[in-house]
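Position one of the sequence shown corresponds to residue 1 (the working numbering), numbered consecutively onward.
Derived from the structure by calculation, the hints contain no laboratory data. Hints may contain errors.
Unchecked claim - Derived DSSO-like pairs (lysine-lysine); straight-line CA-CA distance at most 27 angstroms:
| id | residue 1 | residue 2 |
| --- | --- | --- |
| 1 | K93 | K104 |
| 2 | K104 | K92 |
| 3 | K3 | K93 |
| 4 | K104 | K164 |
| 5 | K3 | K104 |
| 6 | K104 | K159 |
| 7 | K3 | K92 |
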Amino acid sequence: MVKETDLVLDTCLLAGRIMIENGSEMARAEDTIMRIATNSGYPDAQVFSTVTGIIMSIPDQKNAQVESVSRRNIDLEKVSWVNRLSRDYAVKKITLTEFFDQLKIVDEAVPYFPFWLQVLGAALVSGPLMTIFCNNFYDIGVTSIIGAIGFAIYYAINKTLDIKFISEFVSSLLIGFMAVLTVRMGLGHSVDNIIIGAVMPLVPGVPLTNAVRDILNGHFVSGPARGIEALLTASAIGFGIAFVFRFF
1 MVKETDLVLD
11 TCLLAGRIMI
21 ENGSEMARAE
31 DTIMRIATNS
41 GYPDAQVFST
51 VTGIIMSIPD
61 QKNAQVESVS
71 RRNIDLEKVS
81 WVNRLSRDYA
91 VKKITLTEFF
101 DQLKIVDEAV
111 PYFPFWLQVL
121 GAALVSGPLM
131 TIFCNNFYDI
141 GVTSIIGAIG
151 FAIYYAINKT
161 LDIKFISEFV
171 SSLLIGFMAV
181 LTVRMGLGHS
191 VDNIIIGAVM
201 PLVPGVPLTN
211 AVRDILNGHF
221 VSGPARGIEA
231 LLTASAIGFG
241 IAFVFRFF
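Kindly produce the complete structure, drawing on both the sequences and the hints.
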């Protein structure tokens with residue numbers, strides 16, 4: 001039979017890992033973990049979290065437990081579900097065992113939005129943002145199409161190789177090539193404007209925002225680490241576009 005303290009630790013660590021893996025800032029993840037521990041009768045629990053792992057201990061226990069964080073995606077729906085389950089547990093709508101079982105379901109769940117809807121979302125982001133940033137209404141259709149294709153390429157490569165930066169480099173490279181090609185064929189007017197809009201679905205907005213929030217909240221390990229991750233993503237996108245301008 002699983003001891004209560006072990007179940008509390010397992011639940012807290014699983015909740016924290018799901019949140020960090022899917023785009024939550026550290027302060028929110030640690031706050032959720034501490035709320036679960038407090039509502040379970042352990043307000044003196046200690047937790048230390050980074051972008052690669054969580055360490056947690058309960059004062060009466062001799063050993064701490066470690067949970068590795070090996071993936072980093074953006075799925076705020078899962079973060080919202082963990083918060084919702086935590087609130088249900090706080091008001092005693094669910095037991096700790098039910099809470100843990102529900103977390104395992106959330107952890108194993110596939111993305112809520114199907115692939116075609118994500119591609120459509122990328123198209124709706126690319127064209128309108130290009131128009132807002134560049135005041136160019138002529139290329140909104142071309143930019144939407146190229147942005148959707150670029151995101152689809154990124155999704156396919158990332159799912160196959162599971163190497164985020166290579167996926168971003170290749171997709172931005174093909175976006176730049178398609179932008180140059182459409183302008184030379186007379187289907188577009190401005191290569192720069194098309195590229196600006198089409199790469200928007202790849203821009204690391206959430207990691208950059210979380211990096212700033214983590215630093216402001218005093219997480220001086222996780223904040224710079226996420227900032228470097230966002231910088232690498234931006235560099236991969238920039239190198240792909242620069243390659244096109246250099247050789248095409």
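Hints, verified against the model:
{"no.": "1", "hint": "K93 / K104", "verdict": "holds (18 angstroms)"}
{"no.": "2", "hint": "K104 / K92", "verdict": "holds (19 angstroms)"}
{"no.": "3", "hint": "K3 / K93", "verdict": "holds (21 angstroms)"}
{"no.": "4", "hint": "K104 / K164", "verdict": "holds (25 angstroms)"}
{"no.": "5", "hint": "K3 / K104", "verdict": "holds (18 angstroms)"}
{"no.": "6", "hint": "K104 / K159", "verdict": "holds (22 angstroms)"}
{"no.": "7", "hint": "K3 / K92", "verdict": "holds (20 angstroms)"}
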